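Peer 1: So you can see what is in the structure, the chains are spelled out below.
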Amino acid sequence: MVLLDWDGKVSEFKKKIQSIMPGEPSNLMCDTKHLPPEHSDVVIVGGGVVGLSVAFWLKKLEKRQGAIRVLVVERDHTYSKASTGLSVGGIRQQFSLPQNVQLSLFSVDFLRNINEYLAVVDGPPLDLQFNPLGYLLLASEKGAAVLETNVKMQRQEGAKISLMSPEQLQKKFPWINTEGVALASYGLENEGWFDPWSLLQGLRRKVQSMGVLFCEGEVTRFITSSNSMRNSDGEEVNLKRIHEVHVKMDNSLEYQPVECAIVVNAAGAWSGQLAELAGIGKGPPGTLEGTKLPVEPRKRFVYLWHCPQGPGLETPLVTDTSGVYFRREGLSNNYVGGRSPTEEEEPDPADLEVDHDFFQNKVWPHLAQRVPAFEALKVHSAWAGYYDYNTFDQNGVVGPHPLVVNMYFASGFSGHGLQHAPGVGRAVAEVLLGGCFQTIDMTPFLFSRFYLEEKVLEQNII
Amino acid sequence: MRESVRDGTRWWGERPAPSGYEAQQDGGTQGVQAGFELTVILLPQPSKCREHRLAPPHPARDSERRILQEPGSWEFLRLIPPKWNGGKRGFRDLSGVVTPEGNRRKRRTLLQFLSDHFCDMEFLRENVLQKQMQKVSLENRSFTIIQDKYGRDIAGACFILQHGGSVKFRDREWIRSDEYRRFSAEVLKFQAVPVEAIDASGCAINYHGLDNLLPLKKLQCLSLQRCPHVDDWCLSRLYLLADSLQELSLAGCPQISERGLACLHHLSNLRRLDISDLPGVEYPGLTQILVEEMLPNCEVVGTDWTQEGPEEQPQDPASPIHAKPAARDLGDPCGVS
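Heads up: the sequence lines are chains D and A, in that order. Take -16 as the starting number for the first sequence in our numbering and just add one per residue. Take 161 as the starting number for the second sequence in our numbering and just add one per residue.
These aren't lab readings, by the way, just hints derived from the structure by calculation. Small disclaimer: the values here were computed from a predicted structure and weren't measured. Note that beta-carbon positions come from the ideal geometry of N, C-alpha and C, so glycine has one too. Take these hints with a grain of salt, some might be off.
As the list claims (entries may be wrong) - Only some residues are given here: those of chain D computed to face chain A with a beta carbon under 10 angstroms: (1) Leu94; (2) Leu314; (3) Ser315.
Bound-form chain D, shown alone:
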């Protein structure tokens, strides 16, 4: 083992002395502006709307100004593959789980008062371009009873949803073909769609002004330490603690170890991979150690088409019994929509290429059946994005991991992460700072349900 690289050190020393000499460019200090800091209290992996929301609420709820140093690590600052920018942007309260309804209600409140929450000195106010037209969920005979119970629960939570019979539906929206529809639920207020990109930019701007640090890099490694303890049943449990996060810079091998106290996993579609890096799921199957985070990327297509005789200005976001959904976009009879594929039809999530045959074969027939005007339409463009799909029960994972004690999750929302982001951010900040959920009870969303096999199913997934 070479103890001292003497020649190397001498030449380095000579270079340093040379650079101090007047007239030479100073190479004394390495340029570390692009690197993250060496220490940070909280490292949030993922700079999408959920990660930024957690950062915002951490800074808002901290007890003293400047108490917590927060670092947001985002590997792609153009957000080219992030689910936030590619989202259709809808927000609704029509869920089957009360917590989801509460999250949506809070998020809508947040969006309405966005210029109070995200105001920055000398910054122009945000225009989210919110369209308050509501969601229209159609149910066949099979799903009518479930829809009715759901609506009752939603109304109890404070959402304004109305139930319509096929006749009422036909009268209100004459362009619908009500064949096969037994019941419809229509959101009258606080539902609609908005521009997710402006929310992201607004959050970024505000969060930067609050002192959150940003870094463009990828997390490649966690340095953890283990502690063996006995629980009350006498079993041995291996508790882990993350000490360092290795953040690798883009297009280089350079990395920076960031010492941190808490890591928040808000990596969206890639949270499963990140959890594996931390050793979650590495153990014998069936144990808590062997329970993986069941979040994986699922590709979804969104198509933009033009239909000159299509439904008018009052069109809500319509979700058909077949799973097809669409909404208006702009003033010139353009529509945006798609469909969630069945398990067998799931496309390969390796890239974001669009399958146009999917529209021809699986989306258009149902569209034309439900809205006869859509017989004649022309697809102008399409794009694809990822759902951070929770394969267990299609609901988010929020809160700390039972074994890796300082990793907190905020992902797995399976298509409704954007609309729940403000509420989830607040919940994670509450549990991080206070130890428990205070405003909305998100205990059903903890990680431990995967081990205990308690499914918290969300039925209204679009």
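Position chain A relative to chain D; hints supplied.
Peer 2: Positioned in the frame of chain D, the structure of chain A alone reads:
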């Protein structure tokens, strides 16, 4: 916020060190770093770089700002790139800050410059804005006491009169408040009489203030002309008045866009809708056509699209054709007498 200021961390404590760890989005130019050292009263802000794209990335600024900006006042604080930042003038040269475009712009850039560099200036500005916003919120409280005692119609009427609007009860004359927002107590006597028409032109009603108006189930005529805080969210609540509302005027409201107008489709009994002069609507002619199609039984008064150009033809030839836009009626907005 005062507590945080008084607890010493901001006035005398150590200044948060500028950290260079933020990734600039496009590696933009760093403006001239300006750190003012004045040993008098004003406290200097940490040095920072100005990037003109987004809001300036303040180095580790941990002040929590809840700036509640009134729609009028945000122009007051617009992000104007300071002209002196080109490196041509020294930062100590205050004369460079004063642009020759008039006193108002001078005041804006000077205030902006001051609040960039002095914590207390910024704090004062934030405070002023917060007070303004709180004023609007306070004015929009619900009149629950009056509601419980006299009923919802009278509570709504008192609310409008307090804001400087006018109210008309059924079979009665218009009641207005005077310039000091006082009104006679005879309003409280109209216990069983429903409110028929409300003229809230120019009133500072916002989303929460509408709570007082929406229970008026017999309201036929509502004028929200030039209300500065009425936006798309407020319009999305108007469906509660669908059974009775026949006339609605939204002319001149700065925050309404075509997305809010689309929510008016619930108002099936609407006979007259005024959507003229909406600065938030980008294509007034096209929007008017779409709204007319959406509300077939309603007369929609807006911009005169028939004179706008050959490309904007009516899509539905059966829709009512407007010869000229109706003049905005300041005195009696509703035809109901």
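Peer 1: Next step is simple, just say for each hint if it's right about the structure.
Peer 2: Each hint, compared with the structure:
Interface hint at leucine 94 of chain D: satisfied, since its Cβ lies 9 angstroms from the closest Cβ of chain A, which is below the 10 angstroms cut-off. A hinted interface residue such as leucine 314 of chain D counts as satisfied when its beta carbon comes closer than 10 angstroms to some beta carbon of chain A; here the least separation is about 5 angstroms, so the hint holds. This hint holds: serine 315 of chain D has a C-beta 8 angstroms from the nearest C-beta of chain A, less than the 10 angstroms allowed.
Checked against the numbered hints given earlier, this structure breaks none of them.
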